[in-house]
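Undergrad: Protein chains in written order, with UniProt numbering: chain R, 1 to 226; chain H, 1 to 364; chain F, 1 to 839.
Take these hints with a grain of salt, some might be off.
What the hints assert, rightly or not - Listing some non-contacts, in silico: residues in chain F with all C-beta distances to chain R over 10 Å:
1. A432
2. T512
3. T575
4. A672
5. L831
Unchecked claim - One side of the interface only, derived from the structure: several residues of chain F facing chain H at Cβ under 10 Å:
6. R84
7. A86
8. G87
9. W88
10. P89
11. E113
12. P114
13. S116
14. Y147
15. A148
16. Q208
17. E227
18. F631
19. A632
20. Y634
Since the hints were derived computationally from the structure, they do not count as laboratory data. Each residue gets a CB set at the ideal place from its N, CA and C atoms; glycine is no exception.
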Amino acid sequence: MKDAAAPTPPLALEGLRKTYPSPEGPVEVLRGVSLALAPGESLALTGESGSGKSTLLHLAAGLDAADAGEVRIAGRSLTGLRDAGRARLRRDHVGLVFQQFNLAPSLTVASNIAFQARLAGRADRAWTAALVARLGLAGLERRYPEQLSGGQQQRVAIGRALAARPGLVLADEPTGALDEAASDAVLDLLLELAAETGAALLMVTHSPRLAGRLGGRAHLRAGRLE
Amino acid sequence: MSAEGRRRALRLLGALAVTGAAAPATWLGGRAAAQGYAGLGADAEGYSQVVEGRRFAFPRDRGPHPDFRIEWWYLTANLSDAAGRAFGVQWTLFRQAVSPDPGLDGWASPQIWMGHAALTSADRHLTAEKFGRGGVGQAGAVAQPYRAWIDDWRMESLGEGFSPLRLRAGGRGFSYDLGLRAEGPEVLQGRAGYSVKSERGQASYYYSAPFLRASGELRLGGERVEVSGPAWLDREWSSQPLEADQPGWDWFSVHLEGGDKLMLYRMRRVGARPYLSAAWIRPDGAIERLDPAEVALAPAAEAEVAGRMIPLEWTVEIPSRGLALIVEPLNRAAWMDMSFPYWEGPIRVEGSRAGVGYMELTGY
Amino acid sequence: MNWRGFLWALTALASHWRRRPLLLAAALVGLAAATGLWIGVQALNAEARRAYDDAARAMSAAALPALVAEGGGPADIARFGPLRRAGWPASPLIDVDLAVEGAPASLRLMGVEPVSLPEAAGLALFGAGEDEAGNDADADAPPAPDYAAFTRPPGRALIAPATLAELGDALGVGAGDRLATPRGETPPLVASAAAAPGVLIMDFGFAQRLAGMEGRTTRFLLDPDAELPAAPLSDIAPDLRRAAPRAAADPAQLTESFHLNLTAFGFLAFAVGLFIAHGAVGLAFEQRRGLMRSLRACGLPAWTLCAALGAELLVLALLAGVAGIAGGATVAAALLPDVAASLRGLYDAPAPDALSLPLSWWLWGLGMSVAGAAVASGGALWKAARMPVLDSARPEAWFAAARRARARQGALAGALAVVAAGLAVWGEGLVAGFAMIGAMLGAAALALPLALGAALAGLQGLADRRWGPLAAWMAADARQQLPGLSLALMALMIALAANVGVGSMVDGFRLTFESWLEDRLAAEVYAEAEPGAAPRLAALIAADPRISADLPEWRAETVLDGAPVELRGFADHATWRRRWPLLEAAPGAWDRVAAGQGAMISEQLARRLDLGLGDPLALAGGAALPVAAIFADYGNPRGQVRLSNAALAARAPEAERGRHALRVTPPEAAEAVAAELDAAEGVSAMEQGSIRALSSRIFERTFAVTGALNTLTFGVAGIALATALLSLSAARLPQTAPVWAMGTSRRRLAAMELGRIMGLALLTAMLATPLGVALAWALVAVVNVAAFGWRLPLHVFPADWLRLAALAVAAAGLAAAIPLAGFLRTSPAALAKVFADER
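Starting from the given sequences, assemble the full structure and let the hints guide the process.
TA: What follows is the structure, encoded as structure tokens:
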């Protein structure tokens with residue numbers, strides 16, 4: 001469904017609800033969350049521990065299914081899609097950056113960066129090479145992740161997320177495992193590259209300092225956005 | 001004989017005992033009998049029986065009597081060398097029938113043979129034992145020309161007549177090769193060869209050749225010794241020699257100075273006086289049975305041999321002949337450690353007359 | 001020791017197993033399989049050795065030094081008395097095969113003279129050890145027959161209780177009964193521990209008659225413990241000569257290869273079982289890493305934690321040990337008939353008939369299980385002891401570690417390959433043959449991860465260029481997984497190679513054997529008459545117009561070098577000339593043998609006596625004959641000599657003449673002819689097809705144990721693979737989840753994973769095939785010759801390879817199915833948690 005006036009939002013969430021079972025009975029983590037991101041928009045998602053930040057991000061990526069409400073990625077609703085369909089949407093439209101990097105340890109830096117782009121059939125040699133250079137990974141292409149520092153690994157992960165030029169980048173505490181100096185450098189790169197490619201960025205963080213560097217900020221409390 | 005061999009022999013003879021066919025134990029008054037082995041007198045059925053009044057004939061009776069259950073050729077010799085050292089030699093061949101069937105020959109023969117050989121000096125006592133199957137040439141005896149043998153142990157006439165003879169045997173560490181010459185006749189023991197073993201009538205046929213003269217060579221370890229001296233051959237056969245309550249016997253043969261020979265034995269009996277028998281043989285071969293009442297045979301001292309107490313010194317008194325003798329062994333350790341063990345060895349006799357001889361003590 | 005802490009830690013650790021029953025099962029199955037198969041194999045070996053020891057009594061009689069006839073053949077028993085009287089410690093022994101009417105197999109008849117029989121012959125004829133007092137020391141021994149009953153008519157025939165039971169099943173006879181043989185009835189049977197299985201012991205007198213050897217003896221045994229007389233033998237018995245003891249009669253030596261086989265299998269099973277346990281225990285350790293860290297953080301000392309882990313393993317090991325021993329006993333009992341068949345069929349060796357597992361075996365088995373658990377979990381315990389309370393989340397440095405392991409394995413594989421090559425060139429004998437096989441398999445197993453790694457690297461490159469990132473990732477990931485999978489894959493490869501190799505040998509043997517039988521059984525009908533019925537059979541043959549040729553086959557036994565040898569006479573006929581399979585023949589061999597100027601000997605005999613074409617063969621009753629030809633005689637432990645009937649009769653007048661090979665025209669009438677002849681009294685006749693079927697049945701039985709062991713090896717390798725994959729699957733989630741997150745469906749991932757495991761199995765199978773062929777060559781050209789005395793041509797069966805490869809791939813798929821099913825069931829939330837969870 002393309003709106004003639006406004007470009008299709010890379011991500012739209014409407015009335016998302018999610019309940020997890022727990023020994024003390026079901027816990028409703030999300031109680032109707034709605035938000036939309038425009039292309040190039042960046043939004044920090046903050047909240048207390050256990051407020052549902054990661055859950056919301058996972059629902060947005062289609063990694064998990066909501067109990068109610070709708071997720072639309074690039075205008076396509078996830079509702080009714082099975083694993084394969086969700087996977088395809090993710091592959092083609094979403095770049096993911098995790099706190100623990102989650103690189104493929106068996107692949108070289110170059111292969112890791114190119115991985116999703118090639119999966120999506122959108123590998124672009126020049127862009128990948130540019131990414132490597134921008135990320136300060138030149139000369140490390142043939143290394144394996146275990147041979148890199150944490151900051152370097154996260155830069156590889158950012159490269160992987162952006163190699164396919166996705167419309168949406170979802171980052172879950174991308175600097176959580178890094179020290180402050182590395183954090184700033186990595187965040188700078190992430191913001192720069194997202195802006196350059198025009199990708200919308202939704203980033204979960206608990207740090208008000210980092211949140212302040214993004215375009216907008218949403219706070220999750222008691223299952224609702226403030 | 002090695003321990004292994006002994007075990008096998010035991011097994012073999014133990015198996016014989018299981019049948020109720022008399023085992024060699026019973027010949028020797030062995031421990032089986034001492035332990036009250038029942039039935040050794042019970043099953044003589046089918047075999048020829050010993051009865052009084054049998055006529056002996058030679059050379060026929062030098063050969064085997066296969067219709068009787070057991071029989072032996074028992075030679076002992078008291079020898080000395082030029083230096084006066086004393087030796088004793090034993091050569092024994094036992095025959096037993098395991099079945100009273102008529103004496104078939106060949107592989108079906110019921111006869112089994114056992115040989116014992118010993119050479120005794122004052123400080124050594126060497127023995128050997130052999131078994132042989134009857135009917136196939138391994139062991140046997142023939143009346144004329146006389147020979148008795150088991151494997152390469154043999155006692156055989158050198159000519160047509162009985163004497164002279166050649167006697168050979170050996171084992172680990174010893175052997176002997178002796179010539180034997182008869183210097184007197186064979187004599188019938190008991191009542192004309194009918195030898196009673198108990199008041200209840202158990203008996204054997206028994207004759208002796210006490211006038212043999214031996215000379216030849218002994219091999220003892222690496223040493224060869226030329227020796228000579230008197231020898232004594234006993235021949236006895238029976239089908240039922242012992243009472244169940246007779247654990248064994250004490251037997252003596254004596255060559256006295258002056259040429260007289262003395263044979264005496266007592267069959268011991270559980271809870272009763274031993275049954276005594278004695279004979280006096282004059283140098284001319286005349287034999288006289290002595291009245292048991294006028295013979296006193298008594299142990300004088302016991303000694304421990306092979307873990308048992310055995311009376312090894314004896315006194316013999318025959319007042320009617322003015323005889324008072326003390327009997328001592330040449331070698332106390334003359335224990336025959338065979339399948340069925342007994343004591344057998346040369347003796348010295350002192351007292352009113354001197355002499356040499358052999359003593360056999362069974363059932364201890 | 002802080003007992004409260006210990007118990008608390010134990011409870012906490014043990015609770016894990018309740019939630020992971022599959023893992024618990026894997027650990028238990030691994031340990032139980034290791035213990036059970038090892039114990040089972042050892043029990044089989046022990047039973048077989050006990051059977052040999054029983055038999056060694058009979059066999060040692062055969063192995064004593066002896067006097068044998070100067071010119072070959074039996075010796076004159078009349079020498080017995082003179083020998084004994086000359087001081088020779090001789091005892092006659094008859095040692096022949098005795099056919100029993102109606103019995104499936106012939107017995108070995110040993111006629112002994114119990115009084116002179118040397119102690120070293122070891123035949124405790126009259127019951128086991130009595131002590132000095134004559135008391136029977138062994139009250140359980142069967143009652144000993146006495147000397148009189150043994151030697152006096154009707155005598156006694158001593159027979160092993162198991163053999164008596166077999167005869168009882170076949171003929172309905174029992175103790176006290178007499179067996180019917182061609183020359184009359186045996187003495188009444190008595191069960192006796194003195195007789196080895198398959199042996200009938202009786203007094204020499206009766207044996208002479210039943211063996212048809214009146215006045216003769218196979219040989220005179222000499223008592224090795226007795227002194228020999230100084231006088232030369234030639235003075236006493238110039239027709240006898242001394243023969244050295246025969247070392248080859250020891251079945252323990254003959255069957256060495258077989259037991260080496262079993263033991264090797266046992267080791268393999270033990271190692272693979274331990275690997276299974278190692279995988280499971282290691283996984284349980286990984287899964288409880290967090291728990292253990294918490295326990296440590298709560299103040300539990302490291303060594304109390306290790307003690308708790310050790311206690312848990314001890315309980316596990318004891319449980320698995322009991323289950324394993326019970327299982328091993330079951331497996332061994334199930335294999336026992338096959339083992340027995342193999343031992344009898346291949347080696348003519350006595351075979352065990354029952355399996356017993358005394359208490360000491362249980363203790364030993366439990367010890368093995370505990371030791372195995374210690375080996376399998378030593379690494380985990382070590383890690384637990386050194387584990388820092390706070391662990392960095394850094395994954396293991398697989399890349400560098402893998403490179404180091406590759407270098408080590410490569411060096412070792414190279415060294416083993418050199419050893420194998422050296423043994424192949426310079427080694428001789430059975431042990432060298434097996435050592436070569438061991439080195440070869442070891443080298444190949446160690447080289448496998450290298451080869452697979454290289455193949456995967458190649459595939460990765462190819463995938464990178466051609467098939468896309470997912471395939472490349474799969475190949476790269478598989479490379480990374482290799483260290484964890486390589487032991488299981490090695491097991492799979494060895495199982496496959498063993499299947500290919502042993503299969504090639506057995507199938508090749510079958511092929512050779514069948515075509516050999518086909519040629520050997522050239523006549524349509526084979527008939528045999530009891531001695532009394534021979535004229536009747538001859539008349540029946542003469543009267544039957546369908547019989548176009550009557551080829552009498554005369555038979556006798558003789559002794560060569562102190563060992564019994566079969567003498568076979570044959571009629572000179574085109575049937576034999578055209579069909580009888582010869583391995584080597586001198587020019588004009590048939591003419592020379594027909595003219596009585598040569599003999600044909602079996603391959604085994606030629607090897608044993610080291611005879612070649614043209615060498616003189618000393619046979620009783622005439623001059624030595626040159627060897628004119630050597631023929632294959634598979635499956636016959638005895639040597640065989642073939643002569644013309646006339647030549648045989650001249651040398652062995654006592655030869656049996658009741659056997660006839662008959663040509664029937666038309667061939668279709670064979671069955672009817674055989675049936676009619678068979679119906680005649682005292683005649684048995686068989687059509688060649690039935691004989692062939694019977695031979696094939698015996699053949700199949702003989703190699704049944706090989707098949708069973710192959711299947712078991714395969715099964716254990718499959719379990720190992722499944723466990724390895726199971727333990728890897730949990731660790732793999734962090735690798736798979738990102739790929740999934742980046743847009744690959746679970747189904748796709750699972751399919752690829754399955755394909756990858758099956759691909760690895762296929763690669764392994766491809767590498768195993770040449771190894772299997774090399775193994776087959778080693779078995780056929782080295783081991784067989786040393787063990788049996790015959791050599792087979794090497795056959796290969798590519799269709800079998802394909803079948804095996806398919807089987808391996810299927811087994812791998814099956815093994816991968818369990819963890820993959822689990823992966824497919826993993827909810828997206830659980831997968832997503834990978835990204836949120838702190839490791």
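Undergrad: Confirm or reject each hint.
TA: Hint-by-hint comparison with the structure:
1. A432: For A432(F), whose nearest Cβ neighbour in chain R is about 43 Å away, the distance exceeds 10 Å, so it holds.
2. T512: holds, 50 Å
3. T575: For T575(F), whose nearest Cβ neighbour in chain R is about 70 Å away, the distance exceeds 10 Å, so it holds.
4. A672: Non-interface label stands for A672(F): nearest chain R Cβ at 72 Å, farther than 10 Å.
5. L831: violated, 7 Å
6. R84: The hint holds - R84(F) has a Cβ within 10 Å of chain H, the shortest such distance being about 4 Å.
7. A86: holds, 6 Å
8. G87: At 4 Å from the nearest chain H Cβ, G87(F) passes the 10 Å test, so the hint holds.
9. W88: holds, 9 Å
10. P89: Holds: closest Cβ of chain H sits about 8 Å from P89(F), inside 10 Å.
11. E113: Nearest chain H Cβ about 6 Å off; hint holds.
12. P114: holds, 7 Å
13. S116: Given a least distance of 7 Å, the restraint on S116(F) holds.
14. Y147: With a closest approach of 5 Å, the Y147(F) hint holds.
15. A148: Since chain H brings a Cβ to about 4 Å from A148(F), closer than 10 Å, the hint holds.
16. Q208: holds, 7 Å
17. E227: Hint on E227(F): holds, closest Cβ of chain H at ~8 Å, below 10 Å.
18. F631: At 39 Å from the nearest chain H Cβ, F631(F) fails the 10 Å test, so the hint is violated.
19. A632: violated, 41 Å
20. Y634: Interface hint status for Y634(F): violated (39 Å vs cutoff 10 Å).
Against the hints set out earlier in the document, violations occur for numbers 5, 18, 19, 20.
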